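With the sequences and hints as input, model every part of the structure.
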Amino acid sequence: MRFSLAATLRPRPGRKLPEALRAENVGSLTAALSRGLRDVAFEQLVARIDTGPVHLGEKVRVYFDGDEAFTAIVEAIDDARQEVLLETYILRDDAAGSEVLRRLGKAVERGVSVRVLADAFGSWTTRGSFWRQMRQIGIQARLFHPFWSHVWDHLVRDHRKIIVIDRRLTFTGGMNVGDEYGSPWRTGECRWRDTHARIEGSTAWEMAVVFREGWVRAGGENFGIPAQVPSKSEGARILVLDARPGRGYAETAAVLAAIIGACQRRLWVTNSYFAPRRMILELLASAARRGVDVRLLLPGASDIPLVRHAGHGCFTELLRNGVRIFEYQPAVLHAKTLVADDYVSVVGSSNLDVRSFHFNAECNVLVLDDETGRNMAAAFEADLQNSIEIKLAEWRRRPLCHQCRDALARCLTPVL
Numbered sequence: 001m002r003f004s005l006a007a008t009l010r011p012r013p014g015r016k017l018p019e020a021l022r023a024e025n026v027g028s029l030t031a032a033l034s035r036g037l038r039d040v041a042f043e044q045l046v047a048r049i050d051t052g053p054v055h056l057g058e059k060v061r062v063y064f065d066g067d068e069a070f071t072a073i074v075e076a077i078d079d080a081r082q083e084v085l086l087e088t089y090i091l092r093d094d095a096a097g098s099e100v101l102r103r104l105g106k107a108v109e110r111g112v113s114v115r116v117l118a119d120a121f122g123s124w125t126t127r128g129s130f131w132r133q134m135r136q137i138g139i140q141a142r143l144f145h146p147f148w149s150h151v152w153d154h155l156v157r158d159h160r161k162i163i164v165i166d167r168r169l170t171f172t173g174g175m176n177v178g179d180e181y182g183s184p185w186r187t188g189e190c191r192w193r194d195t196h197a198r199i200e201g202s203t204a205w206e207m208a209v210v211f212r213e214g215w216v217r218a219g220g221e222n223f224g225i226p227a228q229v230p231s232k233s234e235g236a237r238i239l240v241l242d243a244r245p246g247r248g249y250a251e252t253a254a255v256l257a258a259i260i261g262a263c264q265r266r267l268w269v270t271n272s273y274f275a276p277r278r279m280i281l282e283l284l285a286s287a288a289r290r291g292v293d294v295r296l297l298l299p300g301a302s303d304i305p306l307v308r309h310a311g312h313g314c315f316t317e318l319l320r321n322g323v324r325i326f327e328y329q330p331a332v333l334h335a336k337t338l339v340a341d342d343y344v345s346v347v348g349s350s351n352l353d354v355r356s357f358h359f360n361a362e363c364n365v366l367v368l369d370d371e372t373g374r375n376m377a378a379a380f381e382a383d384l385q386n387s388i389e390i391k392l393a394e395w396r397r398r399p400l401c402h403q404c405r406d407a408l409a410r411c412l413t414p415v416l
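Just so you know, the working numbering puts 382 at position 382 of the sequence shown, and the rest follows in order with no gaps.
Hints listed in this document are in silico derivations from the structure and should not be mistaken for laboratory results. It should be emphasised that the depicted structure is a prediction, and the values quoted were computed from it without experimental measurement. The reader is advised that the hints may include incorrect statements.
[Unchecked claim] When the alpha-carbon atoms are kept at most 25 Å apart in a straight line, the in silico DMTMM-like pairs for lysine to aspartate or glutamate are as follows:
#1 LYS106 with ASP93
#2 LYS59 with ASP166
#3 LYS106 with ASP67
#4 LYS16 with GLU200
#5 LYS232 with GLU43
#6 LYS106 with ASP166
#7 LYS106 with ASP94
#8 LYS59 with GLU43
#9 LYS106 with GLU83
#10 LYS106 with GLU200
#11 LYS59 with GLU371
#12 LYS59 with ASP94
#13 LYS59 with GLU75
#14 LYS59 with ASP78
#15 LYS106 with GLU221
#16 LYS391 with GLU381
#17 LYS59 with ASP369
#18 LYS16 with GLU43
#19 LYS59 with GLU381
#20 LYS232 with ASP166
#21 LYS391 with ASP293
#22 LYS106 with GLU75
#23 LYS391 with ASP303
#24 LYS391 with GLU282
#25 LYS59 with GLU83
#26 LYS232 with ASP342
#27 LYS59 with ASP79
#28 LYS391 with GLU317
What follows is the structure, encoded as C-alpha cells:
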C-alpha cells in the first residue's frame, strides 16, 4: 500500500532539532559514512535532520544563463492549464517583468488561477501601476510585509524565488524577475551571472506548500493542496530545504554541515553574499585540512560592496587552512550553489550570511544525482576560467585601507 504526504510544512514550526543532529555536532555522524555522500545513510541522515520527504524520480535541468532560464519559465507559463504560483524577492516592471506579466495575463484568459507574491522591500522600486494592472487582468497579487502594515516585521523579508506550474513543474534558484538576470527582453547590457533550476515531479507539489505559507502570511486567502502520493520512479532525488523565522534555519545549517562533513573529494561553493558565521568558516577549514578540494567562487564586483568586504575579512583564515578562493570578474555574481563530489548539489536562494539564516524566508533544493552534479561541476570550472584566484601571500600585501574596510565590515557581519 502506497502512503501519501499531507500538505504540511516540514520541518514544523517551533521544532527543536535534536542535539546530535545540530550543525556543530553532525560531523560525528558523517565521519562514520564509509562511502561519504553516496552512502545510503547520508540520504537517511539529511531526511532525519529536515524531516521532509526525499522526492524520487525527479527530472532536473539547471540553467546558468538568464536567457535560457527565462525562456523556459515563460514557455512553462504558456503551457499552464490550472495554476501558476510565483514568489520572488524582486519583481521589476522592466522588460522582463512586463513580459512575465503578459504571459501570466494570457494564462488568466485561459482560465488558469494565477497568484503572485513579491517582497515589498525587494520590489520597492516597482511602480504602483504595475500592481494595479496585474490585479485588473485577474491576477491575485500580494506584497510581503509592506512597511505601512508590518512596521515591526520590516527586517523579515521573503527572499524565496519559486515558480510552480500546475503543481507538477517548479523553478527555483537565485534569479529574481528583472532584466539584470539576463532576460531575452532586456534593453541594456547588464547581465548578472546566476543559476536557476527546473524540476519536474513531486518537488513542485512541496513548493506549492511552501508558497502557501508566504501567501497566507502576506494576507492572501488560504487554498487547498491535496495530499501527494510519492513517486517510485528512477531519477534525481530531491530534498527541499525551506526556512523562515521560527522554522527551518537550524535544519538547513545542519544539512550543509552534513554535506561538508561527508564530502570526500571536492566541495565547490558559489555564493554572492559571503559573510558567514564562525561555524561555517570552521567547517570549510576542517574539510580542507582533511584533504578535500574546497573552493569558493565569490563576486569580484558586488552590488553590495560592504558584504563583499565582510567576506574579505575572513579570507586570510580560509587561505591559511587550504581553502582556495576565486573572484568572478565578467559580471556581478548572484548565484547561490554548492556541488560536492560531483553528486550532491544545492541550488537556491540562501546566501552564506546572517540574514539568510535569521531573517529571510529562503528556499533551496538538495539534489542527489550524478548528471546534475557533473553539470554543476562543469559550470563551476567554466566560471573559474573567468575568475582571479586569491593567493595568501598577495592577499596579505593588500593596501592598508582595504584591510581596514575588511575588518570593519567583518565586525558588522551580524547586522548585514
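Checked hints:
1. LYS106 with ASP93: Within the cut-off at roughly 17 Å; holds.
2. LYS59 with ASP166: Holds: LYS59 and ASP166 sit about 16 Å apart, inside 25 Å.
3. LYS106 with ASP67: 21 Å, holds
4. LYS16 with GLU200: It is violated: about 32 Å lies between the C-alpha atoms, which goes past 25 Å.
5. LYS232 with GLU43: 16 Å, holds
6. LYS106 with ASP166: 15 Å, holds
7. LYS106 with ASP94: With a Cα-Cα distance of about 18 Å, the restraint between LYS106 and ASP94 holds, given a limit of 25 Å.
8. LYS59 with GLU43: 18 Å, holds
9. LYS106 with GLU83: 12 Å, holds
10. LYS106 with GLU200: 23 Å, holds
11. LYS59 with GLU371: 11 Å, holds
12. LYS59 with ASP94: Violated - the C-alpha atoms of ASP94 and LYS59 are around 31 Å apart, more than 25 Å.
13. LYS59 with GLU75: Holds, at about 17 Å.
14. LYS59 with ASP78: 20 Å, holds
15. LYS106 with GLU221: The hint holds at about 23 Å.
16. LYS391 with GLU381: The given pair, whose Cα atoms are some 18 Å apart, holds under the 25 Å limit.
17. LYS59 with ASP369: Since the Cα atoms of LYS59 and ASP369 sit roughly 10 Å apart, the hinted pair holds (cutoff 25 Å).
18. LYS16 with GLU43: 21 Å, holds
19. LYS59 with GLU381: Roughly 23 Å separates the two Cα atoms, so the pair holds.
20. LYS232 with ASP166: OK: LYS232 and ASP166 at ~20 Å, within 25 Å.
21. LYS391 with ASP293: 15 Å, holds
22. LYS106 with GLU75: This hinted pair holds, its Cα atoms lying about 12 Å apart.
23. LYS391 with ASP303: 24 Å, holds
24. LYS391 with GLU282: Judged against 25 Å, a Cα distance of about 19 Å means the pair holds.
25. LYS59 with GLU83: Roughly 20 Å between the alpha carbons, so the hint for LYS59 and GLU83 holds.
26. LYS232 with ASP342: Answer holds: LYS232 to ASP342 is near 24 Å, not above 25 Å.
27. LYS59 with ASP79: 17 Å, holds
28. LYS391 with GLU317: 12 Å, holds
Of the hints listed earlier, those the structure fails to meet are numbers 4 and 12, in rising order.
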